[in-house]
Amino acid sequence: MKNTRYKMPDAGNNTSWTGCFFFITMIFLAACTPKQKDLPIFGEREVNGTDTIYHTIAPFRFVDQDSATITNDVFKDKIYVADFFFTSCRTICPIMKTQMLRVYEATKEMPDVVLLSHSIDPEYDTVALLHDFAERLGVESKRWHFVTGVKDSIYKIAQTSYFATAMEDKAEPDGFIHSGAFLLIDKKGRIRGKYDGTKPEDVDRLVEDIKRLRAEHV
Amino acid sequence: MACQLLFSCSTKEPKFQQYYVQGEQLYIKNCSNCHQKDGKGLGLLYPPLDQSDYVDKNLHEVLCLMRHGKEGQLIVNGKKFNKPMRGIPSLTDLEIAEIATYIYNTWDRQHGIIDVKETASVLNSCK
Chain Z
0 MKNTRYKMPD AGNNTSWTGC FFFITMIFLA ACTPKQKDLP IFGEREVNGT DTIYHTIAPF
60 RFVDQDSATI TNDVFKDKIY VADFFFTSCR TICPIMKTQM LRVYEATKEM PDVVLLSHSI
120 DPEYDTVALL HDFAERLGVE SKRWHFVTGV KDSIYKIAQT SYFATAMEDK AEPDGFIHSG
180 AFLLIDKKGR IRGKYDGTKP EDVDRLVEDI KRLRAEHV
Chain Y
0 MACQLLFSCS TKEPKFQQYY VQGEQLYIKN CSNCHQKDGK GLGLLYPPLD QSDYVDKNLH
60 EVLCLMRHGK EGQLIVNGKK FNKPMRGIPS LTDLEIAEIA TYIYNTWDRQ HGIIDVKETA
120 SVLNSCK
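Chains as they are written, first to last, in numbering that gives the first Met the number 0: chain Z, 0 to 217; chain Y, 0 to 126.
Calculated directly from the structure, the hints in this document are not laboratory data.
Just to be clear, a hint being listed does not mean it is correct.
Derived CB-CB ranges, DEER-like [what the hints assert, rightly or not]:
#1 Z/P39 / Y/S120: 28 to 34 Å
#2 Y/G111 / Z/K107: 30 to 36 Å
#3 Y/K79 / Z/S66: 21 to 27 Å
#4 Z/E108 / Y/G77: 30 to 36 Å
The beta-carbon is built from N, C-alpha and C at its ideal position, and this holds for glycine as well.
So here's chain Y without its partners, still in its complex pose (with noise of 0.2 Å):
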């Protein structure tokens, strides 16, 4: 039982924890330059993250946006921002899920980890 128990933790832990340690790196290196490190977003040009009902609503549609971009007007907790934001088709479905697990889990959001698998399934459906 207490077996079982260790095992658990020791394989769920580290798991998120590697995902979240990468998952931040990618995203200072990727999207900070924008969003900023503390998610906040520049003026209207650049929507946070660290509040925002648009990622806490929409977590397909942000996993896609990181490879395929976005386009038009988007409305951002009753705020319209619109200018183009990039897809970064390097970034590798691995990629994809660190960096949902640090925005999803950052900035007062615990949704726990976002695997490769639901990633990966998520990136083969986007429109």
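Isolated chain Z (complex conformation) (with noise of 0.2 Å):
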């Protein structure tokens, strides 16, 4: 597939048409080449001169399983996937612990790669709660984090960093509506791709898309 270049067309005697048909072209190839290498960039962006300045996980303080203090810091030069769930969950958390620990397993041999999972019910799911958790599901808090902190903080976050829906509903089984999104966070903060945490097929995507995202880093 390397340099396989569209060859102008003899713009002798073009009609518009073909000059039209041309120009689409471009706008394709545009539009694709560099999709076929780079994954999307979500969220809004700046065009600031030469600069674009993109949408980033705004600063965060919660505590890990460990009682650990996780900021951005401790992704600065990691790749991480996040989501949200609560370990009292009924509906969709259980499947989407299973497709995340799919994820673990998968990323293991990638040092530069970790989970972040924040609980949505963070007065419940206290660090001893996660700690259990974290132990019964058998995964190791330096690759995998699960934070609790200011309810607020999480929700906000989510909604506005992660762009996935967590609130509070007493009317829901369970007491909370939240998305079961994976969001595939690059080395500088933004958000490069959301999957179905409910899904296989798409947490397949998202295993391949963690190897592109690694590519395009070196």
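Two chains, two separate frames, one set of hints: put the complex together.
Have a look at this one:
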């Protein structure tokens, strides 16, 4: 697939149709060629002269299952996958955790890839409970952080930084509404992919995208 | 004679099959989130149902826990589990019988049908 450039047709006696066709092809090529290599960057962007400022994850401060403070610094120079769940959830979370465990296994040999699961029921999900949960799942805290913290901060970061839904709703069976999304974050804190964490095919795509993202970062 | 055989087959088999098929659907809907479709569970969070000495030995408790849940330490195949499972009170006697028929006739188990009458009387005496 190397250097298969589109050959410029003889421009001499072109009708405007071919010109238009050519123009459209160029747009497609321009739009598609970089996409094959790089994953999209989600969110709003601001163009500032030659610089483009992308949407990034806002500063945060949570505590993980080992009582370690978890801030954006922990993910400096790391690719990470984020999600939102709670331990007592009976609906989609067990499926999400099964799927996230697959990501955990698939990224075993990738020291620059970590996972971050936020509890959206932080009052119930204490450090001790998250510790027990992670241990029962059989995962290492340095590769998979389960965090708890101030409830409003977690909801806010879910909504405004990760574009994921998380809120309390007493009418729901478990008392919360939340999306089953997995979000792929690059080393610069930008969202590069969104996947349905309850669908194995989508999670397969996530694992492939992690590999692509790592290749991009080199 | 042949008639009688035919009769007994045609009343027994479809009933089992109906329970089993319904049971599978109900299992997928109500239980597989945690215990997985293949019944293997998840780590030490959700115990397995496919290979479980607990399931093998405690039919009555299994029927009761579907409705009333289960809490506290539980040992399955020598491994300690300890997360509450909430019961599903909306399951009817028949649905519980169907799920049980599914569990007890899948993954190398061949218990036969677990009938709604038997189930109802067990459910009446749950602790």
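Hints the structure fails to honour: When the structure is compared with the hints, numbers 1, 2 turn out to be violated.
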